[in-house]
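2 protein chains.
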Amino acid sequence: MPKNAFYAQSGGVTAVINATACGVLETAKQYPDKIGKVYAGRNGIIGALTEDLIDTSQESAEAIAALRYTPSGAFGSCRFKLKGLEQNKAEYERLIEVFKAHDIGYFFYNGGGDSQDTSYKVSQLGDTLGYPITCIGIPKTVDNDLPITDTCPGFGSVAKYVAVSIREASFDVLSMAKTSTKVFIMEVMGRHAGWIAAAGGLAAEKESDGPHIIIFPEVIFDPEKFLAKVDFCVKKYGYCSIIVSEGAKNQDGKFISEAGTRDAFGHVQLGGVAPVIANIVKDKFGYKYHWAVADYLQRAARHIASKTDVEQAYAVGKAAVEFAVAGKTAVMPVIVRKSSQPYQWEIGSANLADVANVEKKMPREFISEDGFGITPACREYLQPLIAGEDYPPYKNGLPDYVELKNVAVPKKLATTFEVKK
Amino acid sequence: MPKNAFYAQSGGVTAVINATACGVLETAKQYPDKIGKVYAGRNGIIGALTEDLIDTSQESAEAIAALRYTPSGAFGSCRFKLKGLEQNKAEYERLIEVFKAHDIGYFFYNGGGDSQDTSYKVSQLGDTLGYPITCIGIPKTVDNDLPITDTCPGFGSVAKYVAVSIREASFDVLSMAKTSTKVFIMEVMGRHAGWIAAAGGLAAEKESDGPHIIIFPEVIFDPEKFLAKVDFCVKKYGYCSIIVSEGAKNQDGKFISEAGTRDAFGHVQLGGVAPVIANIVKDKFGYKYHWAVADYLQRAARHIASKTDVEQAYAVGKAAVEFAVAGKTAVMPVIVRKSSQPYQWEIGSANLADVANVEKKMPREFISEDGFGITPACREYLQPLIAGEDYPPYKNGLPDYVELKNVAVPKKLATTFEVKK
Chain G
1 MPKNAFYAQS GGVTAVINAT ACGVLETAKQ YPDKIGKVYA GRNGIIGALT EDLIDTSQES
61 AEAIAALRYT PSGAFGSCRF KLKGLEQNKA EYERLIEVFK AHDIGYFFYN GGGDSQDTSY
121 KVSQLGDTLG YPITCIGIPK TVDNDLPITD TCPGFGSVAK YVAVSIREAS FDVLSMAKTS
181 TKVFIMEVMG RHAGWIAAAG GLAAEKESDG PHIIIFPEVI FDPEKFLAKV DFCVKKYGYC
241 SIIVSEGAKN QDGKFISEAG TRDAFGHVQL GGVAPVIANI VKDKFGYKYH WAVADYLQRA
301 ARHIASKTDV EQAYAVGKAA VEFAVAGKTA VMPVIVRKSS QPYQWEIGSA NLADVANVEK
361 KMPREFISED GFGITPACRE YLQPLIAGED YPPYKNGLPD YVELKNVAVP KKLATTFEVK
421 K
Chain F
1 MPKNAFYAQS GGVTAVINAT ACGVLETAKQ YPDKIGKVYA GRNGIIGALT EDLIDTSQES
61 AEAIAALRYT PSGAFGSCRF KLKGLEQNKA EYERLIEVFK AHDIGYFFYN GGGDSQDTSY
121 KVSQLGDTLG YPITCIGIPK TVDNDLPITD TCPGFGSVAK YVAVSIREAS FDVLSMAKTS
181 TKVFIMEVMG RHAGWIAAAG GLAAEKESDG PHIIIFPEVI FDPEKFLAKV DFCVKKYGYC
241 SIIVSEGAKN QDGKFISEAG TRDAFGHVQL GGVAPVIANI VKDKFGYKYH WAVADYLQRA
301 ARHIASKTDV EQAYAVGKAA VEFAVAGKTA VMPVIVRKSS QPYQWEIGSA NLADVANVEK
361 KMPREFISED GFGITPACRE YLQPLIAGED YPPYKNGLPD YVELKNVAVP KKLATTFEVK
421 K
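Residue numbers (UniProt numbering), protein chains in the order written: chain G, 1 to 421; chain F, 1 to 421.
In short, the hints are calculated from the structure, not lab data.
Some hints here could point you the wrong way.
[Said to hold, decoys possible] No more than 20 angstroms apart at the CA atoms, straight line, and that leaves these computed lysine to aspartate or glutamate pairs for DMTMM-like:
#1 K83/G - E93/G
#2 K236/G - E207/G
#3 K282/F - E258/G
#4 K395/F - E389/G
#5 K83/G - E418/G
#6 K236/G - D52/F
#7 K395/F - E380/G
#8 K249/F - D222/F
[As the list claims (entries may be wrong)] One-sided and incomplete, this derived list gives chain F residues near chain G with beta-carbon spacing under 7 angstroms:
#9 S77
#10 F80
#11 I304
No residue lacks a Cβ here, since even glycine has one placed at the ideal position from N, Cα and C.
Using the sequences and the accompanying hints, generate a full structural model.
Here's what the structure looks like:
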């Protein structure tokens, strides 16, 4: 009898993480001699710890196929990071208990840096706790901050959303600038890396195009320099269009806007730097301004997903299963760029040990000398990632996204497990 | 010699006001015996006052056709309202001076309620100042608050953007709710009327779907009732997805968030009610929340425009010219709904005297009894307006919007005119 597989989604969801799930599920079906059922964790790894598994074999082939164009995490995700074996052996023992009970021999974990740390720890189970399990990490993060892989599935679609949105808003503000709004500020995600903010720069194909200013987390915010550039843009182009990263920092290295709350990983929860920047502009020049905070709209925007991103998201899911059936473990499929023009890529492999807890920042040579824009090298890197459209089907004027049945696998254990936050 | 025409865009721009311009320009070319050149006002009526006219005949047919899928106001818009004849006769005399100098016999003014007040006043010029001019208002406003017309071009596309976005964000939050964000708040436009907020309700096709709560400007915000519903939703559905109108008001009838600045029409400039609502939720329940402010992104979002809206925007531009050449004046083409299922509409005509300064609010029967949702009647009204997609062409992963040359018409007057704010 082939072993069953466990698949879970972790961390912030994206417009294309379900395309990865689709790749995993459709590919697993092609190996019935090696993989039995695929059980999804309800709400990520928590589903494994609490024996709350979803039987994906209960879904129709059509529903699984529809995951390719449905944003969000179809099985539920979670923000929960397994501690080290030394600190919390009970969690690992519980995972083994659940995996054994359901005859699970494959572990697929779909997430970003924190999640790949979990993948790596689970991959060590075989050695340290004597339970053989094939463990494959699958990359996902809008932040684009995983190492080794050329890009992270989820990023290209956020990048496209941000570039499209700032182009549209810049056109709008240019129309209004004579008698009304002169400065527009759009806040985008990117906790510590400016990749998403940089993507906004793709909209500026010639000098006068917005965005005129990008505020990166990698460049300490200098209000004087910033205000001088705003002044220059309003005088020269009639308006100033600005992208600001939620992770923008002031001279003290602190986030310009700090909500004060922290997520389960201990990261500061951010939001609301755009109005702070707007006030700085207003105080100095008195210009009428508008600001937008895209927040979840950007990472959920499957309606304007990048075709490249959707294809890569599917491909890493497919590759993860192919790695597993080929006997690989403790690895993660990655995107390898062969060429930028024309854009060519293929799937490669990275060791989870090299991926976990490593954060890839924007290289300084991707940021223009004045710190407020992107360089041609950055454009060459980003451009292919937003290429192509991949529209979902519509019904009643709205995207016809799928909701799965998510039927629970009957529990086999008498024991329960309390997940400690 | 046929008279020339003047066309201008006014007030906040939309995703489809250029589709209307396209309708005007393409249709005017079909009547060379009646209409000479079409001059566009640079920055709306200010272009007429300052003799800053754009010669649209200098644009290629391709560029004019591309206006159909380009958001924003291609000639520049303005927030400027002509005063009454008694208060500022000089402005009207100046308009006549410019119109005479450029042999302008047709005046097309594309805007919302304040702008149609201007259209109406200009239409009176013929009578009171002895200058014969054919004057046609053309409806446009994302607020959907013009009277007589069944809907306002610009609204359907914002409605679609809001409904699509809240569906996507709701899917996202549902994925995260177990361990992270439980409450999501999206702020949308709509100064005094809740039409845009109501459109978000289209995304909720069954009880558990987001948005679960809509905060309308028409319904005084009751924090206790609101919090009780948030609590109910989080307990029943695991999360709560909320749309809040920028015009939401508290028990004193004041805007929940007031930026304190006013636009040229004297309207309070709003923004930032979403974080206020988020704090109310957090203070009561401590739930992790996220909020978004779509701001200009929503009205500029041509990438997800409603096909119905684009067609109607073009149709009112076309009809305006047809009205003019048929000898009508002081009228505005309107959308007349013949049937909702199947959706059928045609162009009708309204007198500017009946349009100016009348604001159409949401009927109470469109808002559910508890004040937090839309009724089936509202859904029947809104549904057809977001129907159909009308994607722009893409280049380099981005919408390939047109920028016109906007060549100035040589000035003929020695006099200048200072526009008073």
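message = I'd like to know which numbered hints this structure contradicts. Please list them from smallest to largest.
response = Per hint list: zero violations.
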